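Let the hints inform the model, and build the full structure from the sequences given.
Chains as they are written, first to last, in UniProt numbering: chain G, 1 to 236; chain Z, 1 to 236.
Read the hints as simulated data drawn from the structure, not as lab findings.
Hints may be right or wrong, so weigh each one.
Identical copies carry no separate label here, and so any pair may be met within one copy or between two of them.
Stated by the list, open to error - Result set (BS3-like, lysine-lysine): computed pairs, CA atoms no more than 27 Å apart in a straight line: (1) Lys32 / Lys112; (2) Lys101 / Lys29; (3) Lys220 / Lys88; (4) Lys166 / Lys109; (5) Lys88 / Lys176.
Predicted model only: the values in this text are computed from it and were never measured.
Chain residues, written in single-letter form:
Number of protein chains: 2
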Amino acid sequence: MNLILLAPEQQCSLNSYDLSERQIQHVTKVLKKRDGDRVRVGVLNGDLGEAVFDASLHRVTILNLDTSPPAALPMELVLALPRPNMLKRTLLNITAMGVKKIHLLNSAKVEKSYWQSPVLEADALHQYLLEGLEQARDTQLPTIEFHKRFRPFVEDVLPSILADKKGLLAHPYQAKSCPIDIEYSCLLGIGPEGGWNEFEVEKWVEAGMDTVHLGERILKVETAVPVVISRLYPAR
Amino acid sequence: MNLILLAPEQQCSLNSYDLSERQIQHVTKVLKKRDGDRVRVGVLNGDLGEAVFDASLHRVTILNLDTSPPAALPMELVLALPRPNMLKRTLLNITAMGVKKIHLLNSAKVEKSYWQSPVLEADALHQYLLEGLEQARDTQLPTIEFHKRFRPFVEDVLPSILADKKGLLAHPYQAKSCPIDIEYSCLLGIGPEGGWNEFEVEKWVEAGMDTVHLGERILKVETAVPVVISRLYPAR
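Quick look at the structure:
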């Protein structure tokens, strides 16, 4: 936890917020703050600044919010739904990197059971996103959309996303090398373990996506996604 | 597991290797191979090719080794010893990315107890490196050196490493932006949670390291290291 992130449901008066149990532990045990000490805070979907810690009420009162959150990445991510543990770590990592729009998509090689995982419950997802924000000292919550059917997404949703973004589909065959340090906005598509099938690649390409390969080495999805994002936007 | 990696201790005749329990599970349950089927294999510190699976003896016999492993990254990594779980995931990730020389270094903010962790036992470390190689379909085992004292490393070991490599020290203050897509070999230094202290930064800089900052967002070390490597060598 690198930031005490304050959510609307914690607000108890105009400038005061009740800390969660995790935050109390962090402030008292890790930061070793005492009554009256200042702590760095951020307001969810707002700015960052300083607050005063009230050790008896387990509460902070904001003094100022003078810093903007770090810039968002100019991209959206489409991820074929990975296995639950990988999804969890991937969401945390990409939230920390500054991705603000995430699409979770079905694909032929996604196991049906993944869609029933408790990891996909709204509260669980929200928690991973918060952890990603706390990690990177960001406050801007990403949004996640579920697309449980491949074809309606690619035919009906994708075209409007691609209206102002370049589509890059990670795919190892008949693909050019993934570009480096790009200046434009993109939609990045990452397939399931085992990859997209032929029909899927055809539909993606029909919709205007470019296939790009990521090199010879196969990485786990939770590492592969940050690595390709770093390649696309190394200086962000 | 994306590769059946065969180690010298598995060799039972000139071209045959006994599979480990994990490999048998993978070949029969995931790849669903049957007696006489071909599987992709790699020989530890050697080449990759094809072998025939013997289902009754749980053994493979190599047919050919016609493919070189993927290229290594032209860099060495110095890592202030991270907490054991982070070390494990970091080693797996950087091995998968192609780092071949890893130095684990003490630093003022490394907790003493980390040096006693079972994660640092030779068998455990070897296992994480193997998993990283299996992930990336590589065969070239990295080497790891321990440096339990900071100053002797920086004063006596570092100069010879920097003789033919540029030294880049991740440090958020008085630093320029980390370079992108470099053509030269480097030694990358990554600090502990909480960063290097002033004395340490001074010693690093005296020895010829450049301080570079990695941007506003703080990532977990197991993600930060792959992300900065991808920034330095995006096309590898």
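Right, here's what the structure says about each hint:
When the C-alpha separation of lysine 32 and lysine 112 is checked against a cutoff of 27 Å, the pair qualifies only between copies, where the shortest distance is 20 Å, while the shortest distance within a copy is 46 Å. Proximity of lysine 101 to lysine 29 under the C-alpha cut-off of 27 Å is found in neither arrangement, the shortest distances being 34 Å within a copy and 36 Å between copies. Within a single copy, lysine 220 and lysine 88 get their C-alpha atoms as close as 13 Å, and across copies as close as 14 Å, so both meet the 27 Å cut-off. When the C-alpha separation of lysine 166 and lysine 109 is checked against a cutoff of 27 Å, the pair qualifies only within one copy, where the shortest distance is 25 Å, while the shortest distance between copies is 44 Å.
When the C-alpha separation of lysine 88 and lysine 176 is checked against a cutoff of 27 Å, the pair qualifies neither within a copy, at 30 Å, nor between copies, at 33 Å.
The structure fails hints 2, 5 (numbered hints given earlier, in ascending order).
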